[in-house]
Every structure is written in structure tokens, then in C-alpha cells.
Amino acid sequence: MYKEFKQLNLPEIDREIRAFWEKEGIFEKSIAQRAVENSYVFYEGPPSANGMPGIHHVMARTIKDIFCRYHTMKGQRVERKGGWDTHGLPIELSVEKALGITKDDIGKSISVDEYNQKCRETVMMYKDRWDDITRKTGYWVDLDNPYITYENDYIESVWWLLQQLYNKGLLYKGFTIQPYSPAAGTGLSSHELNMPGAYKEISDTSAVAMFKIVGSDNEYFLAWTTTPWTLPSNTAVALGRNITYLKVRTYNRYTGAPIVVILAKDRFSSYFSEQNPDLKPEDLKPGNKPIPYIEIVAELKGAELENTEYEQLLPYVKPDGPAFRALLGDFVSTEDGTGIVHIAPTFGSDDFKVAKQYGIVPLMVKDELGNDMPLVDRHGQFVKEVTDFAGRFVKDYGQVEERPVDVDIVIKLKEENKLFVSEKYVHSYPHCWRTDRPVLYYPLDSWFIKASAKKERMFELNQTINWKPASTGEGRFGKWLENLQDWNLSRSRYWGIPLPIWRNKEGTIEKCIGSVAELQTEVNKANAALGKNQAVPKDLHRPYIDEIVLVADNGEPLYRELDLIDVWFDSGAMPYAQWHYPFENKEGFEFRYPADFIAEGVDQTRGWFYTLHAIAVMVFDSVAFKNVVSNGLVLDKNGQKMSKRLGNAVDPFETVDKYGADATRWYMISNAQVWDNLRFDLAGIEETTRLFFGKLFNTYSFFALYANIDKFRHMEADIPMWQRPEIDRWILSALHSLINEVDADLAQYESTNAARKMMQFVDEQLSNWYIRLCRRRFWKGDYTDDKISAYQTLYECLTTLAKLMAPIAPFFADWLYQNLNKVTRHEPFESVHLALIEPAGDDMIDKGLEERMDYAQRISSLVLSLRKKHKINVRQPLQKVILPVLDEAFTEQLDAVKDLIKSEVNVKEIEYLTDASGLLKKRIKPNFKTLGKRLGPHMKAAQEIINNLSQADINAIEKNKEYILEVGGTSFDLNLEDFEIAAEDIPGWLVANDGPLTVALDITLTPALVAEGMARELVNRIQNIRKNRDFNVTDRIQIDLEKHPAVEEAVAQFGQYISDEVLAVRLDLVAGVEGELLDLPEEVVVKVRVELA
RNA sequence: CUUGGUGUAGCUCAAUUGGUUAGAGCACUGACCUGAUACGUCAGGGGCUGGAAGUUCAAGUCUUUCCAUCAAGACCA
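Residue numbers (this note's numbering): 97 to 1189.
Calculated directly from the structure, the hints in this document are not laboratory data.
Treat the hints with caution; some may be incorrect.
Ranges of calculated distance between the beta carbons of each label pair, as one might list FRET restraints [stated by the list, open to error]: (1) Y1008 with D939: 27 to 35 angstroms; (2) Y268 with P386: 16 to 24 angstroms; (3) N248 with A625: 20 to 28 angstroms; (4) T483 with D699: 18 to 26 angstroms.
Think about it this way: if two alpha-carbon atoms lie no more than 25 angstroms apart in a straight line, the pair counts; the simulated DSS-like pairs of lysine-lysine are [as the list claims (entries may be wrong)]: (5) K1139 with K1123; (6) K308 with K102; (7) K264 with K551; (8) K1036 with K1021; (9) K480 with K381; (10) K1029 with K1057; (11) K621 with K607; (12) K199 with K269; (13) K102 with K1123; (14) K397 with K361; (15) K520 with K414; (16) K381 with K520; (17) K965 with K853; (18) K883 with K791; (19) K546 with K508; (20) K223 with K119; (21) K170 with K125; (22) K1029 with K994; (23) K754 with K807; (24) K397 with K308; (25) K308 with K452; (26) K967 with K998; (27) K125 with K199; (28) K1021 with K876; (29) K1036 with K876; (30) K965 with K1004; (31) K607 with K628; (32) K737 with K296; (33) K193 with K214; (34) K452 with K414; (35) K1036 with K1123; (36) K737 with K754; (37) K918 with K99; (38) K883 with K994.
The beta-carbon is built from N, C-alpha and C at its ideal position, and this holds for glycine as well.
Using the sequences and the hints given, assemble the complete structure.
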């Protein structure tokens, strides 16, 4: 027996099927049954179990699951090793938060050892929840043998990769200017800087400082700064090459000294008021108003001032190389300031870059270890060499002081005739999100991967990758590669993969270790040379690894560089490290690299997608993945970002529990293209449930109901196609067309289109046309070939659909498949996921048949629409429909579906009205596609001519199959192809059009038709009475109907028909019946008594 | 600020790649409980395709520009 169900309960189906999968090991079987040689390689991007899974994870995982399942069903072996991303700042921060400590406490109030232990525990905090949602959403991934980035084997593979880079000269140490929080004692990522609220409006003392030009009496560059504390570190000024500058003679407003200052012409009016050749120093007052000037001495381009030398502004520290020159930088603008930018290479990233280009050195002092350091220490205080301000904090770090140090610097400049003007300036400035104190741009030592050296190759190989959508690959990712910067690998944290590089004190000798074995060898060497007793630690993390001292060839001790590596390197290394390559699994690796397919959110473009690609290109000169789907963001239904704070986040657990995984998955895939942002609305899931799963469920229920009655077990030989009725051949043709399309879509990673086509098939063709028209075949008559054909056909539709939809809706599909296949044993598979999606049978596809059925549907719809307009309901039979036909082929097509249309719209006959009748009014239109190219500019005139052709002209064209068009003095020889001719109207009839289709309806009601209509109304009413009284479908009845003129004729002519339909043994017309009231059309009410016979 | 995406009916999305009435579903209005489905069926109303300009015989589709929105990145001297 086929199982019958009262109602569709998707969550219940989930539970049942999930239990089945687990009990029977279906996932494992789906892999084990396929050969490694025929692998479809998938890489799982490791999530961090440090946070709860969100609905967007369900989205990404659905996409991954779809294509893995699809390729499994195409016969490929699809291993899916799970993985966990376990390192990184978010984990450290959550541990710090939990313990109530800051980074400074690590190594003091808590040992690094304990701290890392805590990280290791915390990182898997939500693993159970993740595993739970993974199972509940039906995402098939190997949860039992995941790769875990903190494991030694994983770290060893990463070390190996780093050593490959090192050996290729792609790993180097340098310093860069990075956002740094002195209060927190840590560098900040750009991500942290972009956190909401990081930028705050603050008021700073800005200054325009005067840099005296060497060799001049009193000429100065004017440079504006909002950070006067960087002035002692100044080593250059930058000008714009094409910016025009002025030399202006005036007096210093504070000291009265005569000066000539240089600034951009565009900025002149911001600093100077009127010209006054007789200006005297006394005329000027301190303050920041524009001042008068004596004269403009010269006007010149920035380029002419390049390399002009000037005197050091605040000579606390002498430079260790060339400095104090004018440079040209393309970042200089004249939007504010003076058009001249003060350059302090130690405190600005542009500054650093431009200075480096010109060979200008930064100002540095030596710290107690003899290393270079800038004039501000890591706490944000001036070093002792800056005597006047030694120990002062450069920004507000909570210190108590009379004035900010910026103000004191300005006062000093003022006194020394080095200040042009100063004012308060309000601007937004980044703050550390943890301490709320200002961030400094600060030079930090870092290890870099020289990604820029390989950017052309990365760009090249990227073009071989199939991106979905393409724009992400070409645009977002491609542009990113074009402007690629070196990859800053260093992180000065504790919980992560340690950089495997050891150096001597001076940094002149270094060793990069690529394996545990190599480390062991080096440790042995060091032990021998240094008389130590070290061992390779069991855990490769800090702090153990830090304690290892190696030895150089010359006997010098080497110490580990304390940095950790960027966690993104961890995940980018997963293709190799998940297999502990090259230390293990070397042999099967070729079948598992590169990936055929990966998928993640667009936010991973510069994240995982990049790190995978970068490592693959730099180490293996290969791509890491061939196809990538990057899905859009999941927003709330109003298009807002989901966040816990706003309370608009959708809980995936609740959603899946309530609606089931399949409806959730189907909705997410079908609603919008997966790479577009999704406005997630629960109402959409409900709709999907109702319109798609509901219909399919009903279709199955219908099948089960009658197949059980008829004991259909699919035991009979298949009825040959030629013996099956037209409608069966039609639905099978449509089904096989669907197979072709869905198969092609899924092969091209177009899951949205695939899902939509299946929905359309179920709704428009299977449920609302095939079943509707075939109902009677299932419940009437004996178990004949026709009936068997109907069952076989519907059965094939359902099982095929189950297979096609299985990748997207794995639970429901398996449920459907098993409900059918377990009864029939028609196929040997215990689960749909072990079955194969077979190619469509091309001999099953008959496009002509599909076309004529489409005509039938559209003609029916037109007729119904006409009935509607004239308020004639479908129960009222009409005499005929007239269809204009312009060619033979069309007539043939229609003949085949004539009967369907007649019964569907309840008309007696269909008449073809050919041209010969002379009754047709035709419409002619040019075929733009063929004519446009030929006629070009004449098209408009031609259109005019063609539209105005008379009926006679049209007939002539059809007869001669050609037409000479004279337009613009040229004549064109047109044939039938160049026109679209359609019947438009039949004068005197009710017509409706749909594109080329036209129908006319005869709405004349003869007494016979009225009587038949009434008969049908009576049948309908009596059937209702039967239903209301809960009669059995087989019960016989007897009827007494009130004698009434409205029904007399109907009973007289169609009494037998009525009796047959309602199973009446007797139908009598009698006067004065006591019984139920029947409301009939035309406000007729008659009484009837119905009783069991 | 730069780059990229998006903008079509009240809402969510289509539109065969430049070809002539711009289509569905939901919502809305109306009709119908027709022998699987009222969680259903049928019909109907609803559009200056974000604005402007351009290319073209022809633009929702291509170009430019502006506007809105989202994302990524840069910078804030």
C-alpha cells in the first residue's frame, strides 16, 4: 500500500527521513558507492563554532549541499570533509571578555598556557548547536572527521606552506604604518576600525607650520596638520605636481617678522584677505582670521618645487639619512589645508609610502634593546629625546594635564616664528572600539607575503575560474587583484599558528622551519651546540614554541619571531592542511585538488576566496577552485541587515523546526538569484510550502488514493508510448524537457532557475492540467490499459520529480521517492540520494505536442475569459467555439487537442474558420527581427506602410508569398517570413486574443442548451446534498423534484443523465414537494426531496 | 572618495541577451466549496521599467550622467 496522509507535515518528514539516513548510513553510502577516480571535489569553508549559526549560514550551506548532492546523483564521488576555524581575534576577545581581562594581563595575571587552553575550550563552544543545525537543514558534510585548524598536523602543513613561500623569497619582514591603540596596546585591523561608532567627532588643535627653505632669508612652506604632535617627526613636505602655488609676502601675525610663504593658489583666499602694499607688522593681530598681504611674489607649479630643501622644524632628533625636502604626492589635494602636506613617515601610511619612494628616512631613536623606534612610544608618550615634551601623551589617554601637548607644541612654534596660524578643528577620528581612546597610526614590525609579486599570475589564473555571478569574479575580485598589496601576515596575539621563523638578535640570520621533523633536527643541533635539553613541544602553540632556541651555523642562538600568522592563512591552507599534505595522503591528493566547487557568501571575496587563491597561485601555480558560487547577504524582509541588536534576526532553529528544512531551503533558493541579496520573509516560506510542496503532496495523495484502490504496483509491462493517450505523451514530453533543463541548470550552478522551472512544472502542467484533465481516468472504469498508462505516467512524473528536486529539497524528495519506490521496488535504490539523475529520453520529447497542448491551455483560458465577461458559467454548455486558422499545420495541431478543449470549456463543437470564409479580419505586422537589419533607417516608414495594408493586400501577400516594398526610393523583396499575420477579429462575434491566438465564442443559448445547463445545475445541487448528508459514494437515491417551469425541460430531456450522475434510481417531477430548497440560476428556487433508495 | 552590485506592479521576482500589448506569485477585487486539494480553482484591476540625456529603424536591455540603496576598499594631512 502507498502511504496515505491527512496533511502535509514537512517537519515530521524531516525527522523521519533524517532518522532513516542516520540509521542506514545513506550519506556514507552515497560516497562509498562512487569511485575516487570520478571525484567531484568540494571544499568546505570552515566556520567558527565560536558564535551561533545564523540563517545566512543555512543559505550558504544549502548552496553547497545542492551541488554536492547533484553531482553525487550524477554518479560522482563527492567527499565533504567538514572543518572548523579555531584561531583568531574574535575567539581571543570572547575569552578576554569571559575572563574579564585585557591583552596586557596575558602572561601576567594569567599564563599564556592557561589562556590558550581557555581559547581551545571556548572555540568549540557552540559546536553542538552547529552540528544540530547541520543535521536539521539536511546539510551533508562529514562531521565525524573534520579538519581543525588548531591541531598539530594542520599547523605542520601550514608551516610547510610558509616554508615554500619563504624559499621562493615571498616572505619578508618590514614595517608598515597601521592603526594602533596605545590604550589597548595592540594593533587594530581595518575591520575593527570600521566597526560602528569607531569614528567619532573630536576637536583638535590644528596648526599651519612654517618650514623654512634652506638658503632663503625668510621663505617658508606652509603645511597644515591636525596632529601637531607629529611635527617633531617631520622629515618632508608633499606638494601636488600640477597644483599651482603662490609665494606671498607678508608678516608673521604673532612675531611681526617679515615672511614669504608658499601655499596653493586655490587655498590662498582661506588664509589671506586684501592686498596692502604698505602693510606694517603692527597691522596684524594674533587670531586665526585671514590676514592682509603685501604682494604675491611668484606663481609656480608644484613640480618646480620638487626636492626643495628646508630646515628641520623641531630638531630634537637628527635623521639618519636624507630628509627635509619637498616631495610630490598624488594624494595631495587643495580641498583643505594649504595644499602642502606635512610628512611624518612614522605616523601616516601615505607619508610612509611617499617618503620611501624618495628615499627620505623616518625619524627614529633607539630603544633600550637597541631597536629603532619612533618618537612616540607604544603607550602614546613622547620619548625622552623629545626633551620639551618627554613623557607627555600625544592624545587623550585619560591623563591629567593643564593643556594637551598639541597646544604646547603650537605655543613653542609660535614663539620660534614657526607658526603661521592655529585653530580648533573638528573632524572625525578613529577610536579603539574596546577602550574608546584615540587610535594612532603607528609603525609596526610585520611579516609580509609578497603577494604583489604574483599579482599578474593571480589575475591570469582567476580568469580561468567560473564565478557565479561573473561580476564578482571580474569586478570585485578582479579589481582587488589588480591593486593587490602585500599580505600582512603578522598578528601579535597568542592563540593562533606561530610563525615558524627563528632569528638572531640582530635579525641578520634566520631560519624558516617547514615541518616537525625539521624542527626536531634543528632542536637536536641546538641542544648539542648550546648544551640545552630542549624537546619539540607536544603542542605547537605558544608559549611552548617560544621557548625553543635554535642555533645558527655560526653558533649564534636563534629566537622565534613572536608573531602569529593571520588566521586567514589558516583557512586558505585548508586544501592541503585538511589532509596533512604533504606529510600524509600524498597519493590521493591529485584527485582532491583543486576543488571543483566552493561556495560562501560574497563577504568572503577578499577573505577565504582570496586566501585560497593566493596560496594556490604562489605555492602551486594553480587555482584552488574551478567553480565558485558567492551568495548574497540575507537581509530581513525590509531589506535591513539582520542583527541581534535590532532584534530582526531570524533564528534558523525555529524556522527549520516550524517550516521544515526543505521549505526553508527551497524558498531561499527560488526566491531570488542566490547571489542577489535575499530579503528573508517567513511569509515566503509559507507560500513555498503551500504552492509547491502542498501541490506536490496533493498530487501524491491523489495518486496514492486511487493506486491503492486499483492495486497499481507497477508490475505490468510499460505501456508503449504509441499506445498511450495524447495527454500522457504530453506530460511525459514536458517532464523530459524539464529533466534536460534542470540538469543543465544545475550543471551550470543555476539553482534558482532549476527550482523555478520545477515549480512551474508542478503547478501549471502536472497539477492544474494533467491531473485535472485526467481525474476521471483514475476513478472511473475498469483497470484497463488506459488506466495503467495513466498510473505509469503519473508515477514516472512523481519519481522523476523526486530525483530532480532531491538536491534542493532532500527530505521531501526522499520521502516522496521512498513512498513510491518502496511499494513498487521499481528501482533498486533505498534512497533517492543513491539514485542517479538519468539524462532525458530525447525520444520522449515531442515539441509539437508540447506546443499544441500549450495552445489548448491558452485557448481554454481565452474561452473562460469570454464566458466570464458575459457571466455565463462553465456549467452552462455552449454550442461552439470558432477558431480562425491561417495554415494547415495549425489545424492539425488543434485537431489533436480539440476534445480536451471542448470538455474543458464545456462547448459542443469547435469550428475552424479558414481564410476562404472571407469572414476573418487579419492583422499584419512587420517582423522586426528579420526586417530591422535589412531595412535599417527605413524601418519606421516600412512599419507605417505595412500596418496600413488592406485585407486584400494581406491576402495577396499570403497567396504570392512575397511582397515588393517600396520605401525611401528603394525596393525590397520581402517574403512571408518578414511578416507576422494573425487573425484578429471575426466581425459579429465575441473574440479574445492572446498573441497570435484568437477565439470566438458563440453565446447563443438555445432551449436545448438551457435545459442541459439546468440539468448540470441540478446534478451539482444534488451532489451537494449527497455530500452534506454524508451519503456513501455508492449509495443509490430517489428524488422528488418540485414541478417548476424552469426545470421541466431539463428533466424531460436529461432526466437519464441526471439520474446516472447522481446515482438516482428514480427522478420524479411532483407538485408540492416538501424538502430542501435548491437555489438555481436566474433566482429560481425549487424544492427537492432526496432519500436513500 | 573609489570600485562593484542593485533599482521593473503595493511586496518578492521574470523578461529568450536590442525586436514592438513588459510577465508570474503574493496581496487586492469579483466569481466558484465542479468527485485530489478553500492551505483550492478561475477571472479581473494594478506599470512613464528610479530621473535626465544619448546611440539606434528599434532600449527594461547598450553608453553617459545624476539620484537612491547595499557591499567592499581607500583616506581623513
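Assess, step by step, whether the Cα of K883 is no farther than 25 angstroms from the Cα of K994, and give holds or violated.
holds, 21 angstroms
Is it true that the CA of K452 sits at most 25 angstroms from the CA of K414?
holds, 18 angstroms
Holds or violated: K1029 to K994, with C-alpha atoms at most 25 angstroms apart
violated, 39 angstroms
Take a quick look at whether K607 and K628 sit within 25 angstroms of each other, Cα to Cα.
holds, 19 angstroms
Is K1036 close enough to K1123, meaning Cα to Cα at most 25 angstroms?
Since the Cα atoms of K1036 and K1123 sit roughly 64 angstroms apart, the hinted pair is violated (cutoff 25 angstroms).
Pairwise hint evaluation, K876 against K1036, where the allowed Cα distance is 25 angstroms at most:
Violated: K1036 and K876 sit about 59 angstroms apart, past 25 angstroms.
Restraint check for K1021 with K876, where alpha carbons must lie at most 25 angstroms apart:
violated, 48 angstroms
Within a Cα-Cα threshold of 25 angstroms, do K918 and K99 meet the stated pairing?
The hint holds at about 10 angstroms.
Please verify whether K1139 and K1123 have alpha carbons no more than 25 angstroms apart.
Cα-Cα ~24 angstroms, so holds.
Can you confirm whether the C-alpha distance between K199 and K269 stays at or below 25 angstroms?
holds, 24 angstroms
Holds or violated: K125 to K199, with C-alpha atoms at most 25 angstroms apart
Roughly 48 angstroms separates the two Cα atoms, so the pair is violated.
Next pair to validate is K264 with K551; report whether the Cα-Cα distance is within 25 angstroms.
Holds, at roughly 15 angstroms.
In the structure shown, a violation is registered for the earlier hints numbered 2, 4, 6, 9, 15, 17, 19, 22, 23, 27, 28, 29, 35, in ascending order.
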